[in-house]
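Going down the list, the protein sequences come from chains A and B. When you line the first sequence up against the numbering used here, it's residues 38 to 341, in that order. When you line the second sequence up against the numbering used here, it's residues 38 to 341, in that order.
Treat the hints as calculated values from the structure; they're not laboratory data. Take these hints with a grain of salt, some might be off.
Unchecked claim - With a cut-off of at most 30 Å between alpha-carbon atoms, the simulated DSS-like pairs for lysine-lysine come out as follows:
id, chain 1, residue 1, chain 2, residue 2
1, B, Lys52, A, Lys85
2, A, Lys340, A, Lys69
3, B, Lys52, B, Lys303
4, B, Lys241, A, Lys69
5, A, Lys217, A, Lys340
6, B, Lys69, B, Lys241
7, A, Lys314, B, Lys303
8, B, Lys217, B, Lys52
9, A, Lys85, B, Lys85
10, A, Lys52, B, Lys52
11, B, Lys314, A, Lys52
12, B, Lys217, B, Lys340
13, B, Lys69, B, Lys340
14, A, Lys52, B, Lys85
15, B, Lys303, B, Lys241
16, A, Lys314, A, Lys340
17, B, Lys217, A, Lys85
18, A, Lys69, A, Lys303
Number of protein chains: 2
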Amino acid sequence: MEIFEVNILGCGSAKPTLRHLPSSQIVNIRGKYYMIDCGEGAQIQMQKMNLPMARIGHIFISHNHGDHVFGLPGLISTMALLGRTADLHIHGPQQLQEYLDNVIRIYCEGIAFQIIFHPIDTRVHNIIFKDRSVSVWSIPLQHRIPCSGFLFRETPPLPHIRREMIDAFNIPFSQINNIKAGASWTTEDGTVIPHERLVTPAEKARSYAYCSDTIYLPCITQILQDVTLLYHEATYPDDLQMRAQETLHSTASQAATIARDSHVEKLCIGHFSARVKEEELLLAEATAIFPQTRLAFEGLNIKL
Amino acid sequence: MEIFEVNILGCGSAKPTLRHLPSSQIVNIRGKYYMIDCGEGAQIQMQKMNLPMARIGHIFISHNHGDHVFGLPGLISTMALLGRTADLHIHGPQQLQEYLDNVIRIYCEGIAFQIIFHPIDTRVHNIIFKDRSVSVWSIPLQHRIPCSGFLFRETPPLPHIRREMIDAFNIPFSQINNIKAGASWTTEDGTVIPHERLVTPAEKARSYAYCSDTIYLPCITQILQDVTLLYHEATYPDDLQMRAQETLHSTASQAATIARDSHVEKLCIGHFSARVKEEELLLAEATAIFPQTRLAFEGLNIKL
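Based on the provided sequences and hints, a complete structural model is requested.
Listed below in structure tokens is the structure:
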């Protein structure tokens with residue numbers, strides 16, 4: 038299977054701790070790197086995890102709170118120092134643009150690449166980006182300011198051609214891509230060998246959803262159905278549910294409930310409050326509802 | 038002696054490496070914390086070194102390059118999260134104000150403390166701040182944009198009263214501060230005991246100078262005469278002297294020459310280029326000219 042992995046650069050909440058950096062992730066799909074959020078220290082953590090900055094073409098910012106964006110100026114500056122010339126695309130709520138424009142104007146004079154901002158409508162579930170390997174969709178979340186989650190849907194892989202069929206029917210090399218794409222094969226005597234006999238089925242297309250920051254929002258389970266991996270914020274343990282509601286965050290149980298009701302394969306929880314000293318408690322609360330849960334940590338690499 | 042120490046949070050140059058964070062320091066004088074520069078990650082390094090953020094009243098920014106300021110937004114946000122109400126004073130070149138205003142307007146709505154910006158005239162050697170413990174002076178440096186070094190001069194300590202003199206002459210407690218401040222003592226029979234017999238001399242007032250970023254600038258030795266500790270940038274080794282000159286930075290030998298010609302007690306070099314893999318080479322080049330040289334590193338605490 039081609040590579041599809043999520044790297045956690047930071048999974049703390051706004052107040053940094055010795056345990057966690059603020060939010061940032063790198064999604065690697067078939068060797069292309071997509072960044073989600075960019076809290077302070079993201080570029081340093083990328084170096085620690087040996088993730089190449091030059092491979093990032095698109096950055097997706099969930100919302101314009103400092104703990105999700107204060108790493109951008111340093112990242113952009115370092116890209117410039119590394120001699121980048123390729124366009125850098127930044128997708129985020131409209132609110133992000135003013136800060137970005139300021140940073141570019143004040144600190145990026147004469148850099149050799151374009152920074153192209155793509156505003157996201159945080160109220161709707163829309164496709165916001167597509168390339169050969171992936172389509173990225175917005176997920177409307179509810180936080181104190183406009184906020185969007187992101188759903189990465191791998192482009193469905195093609196089925197595998199069966200080597201013995203190539204040999205048995207003398208199928209020329211030039212026809213293999215056609216057959217992978219769905220064609221049947223007609224032999225010289227006119228017999229039609231149906232597509233299904235020529236291939237073994239493709240792997241299921243994988244998908245990754247990032248939901249942070251948000252209040253518990255049951256309606257997003259419609260969007261998240263059958264996702265391979267869900268990262269959902271779990272800022273607080275259950276006993277701080279009122280605090281979660283007031284600050285428009287979620288508890289570990291709420292994250293797990295979203296995962297269960299979305300029938301996702303796996304859940305990873307993060308965005309831990311600095312108040313949480315024992316993350317195992319969050320894990321226990323979540324696994325009671327959805328067993329396939331794990332805790333995020335800086336340096337975690339999850340292969341889908 | 039009362040405390041006077043320098044804590045190195047970061048001593049790399051613009052491109053972060055796995056060895057170094059960008060520039061930031063905390064000067065602790067008699068329990069008050071003064072920050073110098075604030076590169077990305079400074080607040081995280083403060084936590085690692087267990088330095089209390091609440092004690093910072095004044096921040097001194099040398100110049101408006103990203104590697105000296107990109108830690109400010111996160112630091113200010115965290116101060117707000119920690120419930121700060123005390124004014125925060127930021128001293129820096131005028132160029133810093135626009136970025137600071139943007140950050141405050143976009144990210145600091147409703148914070149409970151004032152941020153007061155004090156522009157520095159980077160062309161002159163002037164006093165820019167004074168409190169009971171210290172006076173801080175600008176040092177005009179030469180870099181690609183307006184840049185100021187900082188000279189921290191401890192308020193001269195008072196001499197120590199000699200306990201045996203108190204007993205011998207029955208000096209009342211109420212007079213001790215007068216005597217420390219320079220008064221003599223007249224006994225009941227009218228004999229004048231001169232001040233000098235009543236005290237042991239005070240320790241020498243200590244001083245700390247921060248010079249980064251700058252081209253080699255011999256004229257600053259006038260300002261730096263007899264400083265206790267000098268931190269001077271040494272971005273490059275000697276064989277990159279042309280590069281240093283082009284980018285308005287200094288080499289290790291140049292830093293040491295400044296230290297030698299200023300008759301400082303000790304030199305600490307930093308702001309190492311990411312190109313420098315062997316900092317021992319910089320140290321060797323510097324100590325050949327000024328033996329009392331050490332390399333900065335993240336976590337270094339120097340007591341003056």
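Each hint, compared with the structure:
no. : hint                  : verdict
1   : Lys52(B) / Lys85(A)   : 14 Å, holds
2   : Lys340(A) / Lys69(A)  : 14 Å, holds
3   : Lys52(B) / Lys303(B)  : 27 Å, holds
4   : Lys241(B) / Lys69(A)  : 60 Å, violated
5   : Lys217(A) / Lys340(A) : 25 Å, holds
6   : Lys69(B) / Lys241(B)  : 20 Å, holds
7   : Lys314(A) / Lys303(B) : 42 Å, violated
8   : Lys217(B) / Lys52(B)  : 50 Å, violated
9   : Lys85(A) / Lys85(B)   : 17 Å, holds
10  : Lys52(A) / Lys52(B)   : 25 Å, holds
11  : Lys314(B) / Lys52(A)  : 33 Å, violated
12  : Lys217(B) / Lys340(B) : 25 Å, holds
13  : Lys69(B) / Lys340(B)  : 14 Å, holds
14  : Lys52(A) / Lys85(B)   : 14 Å, holds
15  : Lys303(B) / Lys241(B) : 15 Å, holds
16  : Lys314(A) / Lys340(A) : 27 Å, holds
17  : Lys217(B) / Lys85(A)  : 55 Å, violated
18  : Lys69(A) / Lys303(A)  : 23 Å, holds
In summary, the structure is inconsistent with hints 4, 7, 8, 11, 17 from the numbered list given earlier, while agreeing with the others.
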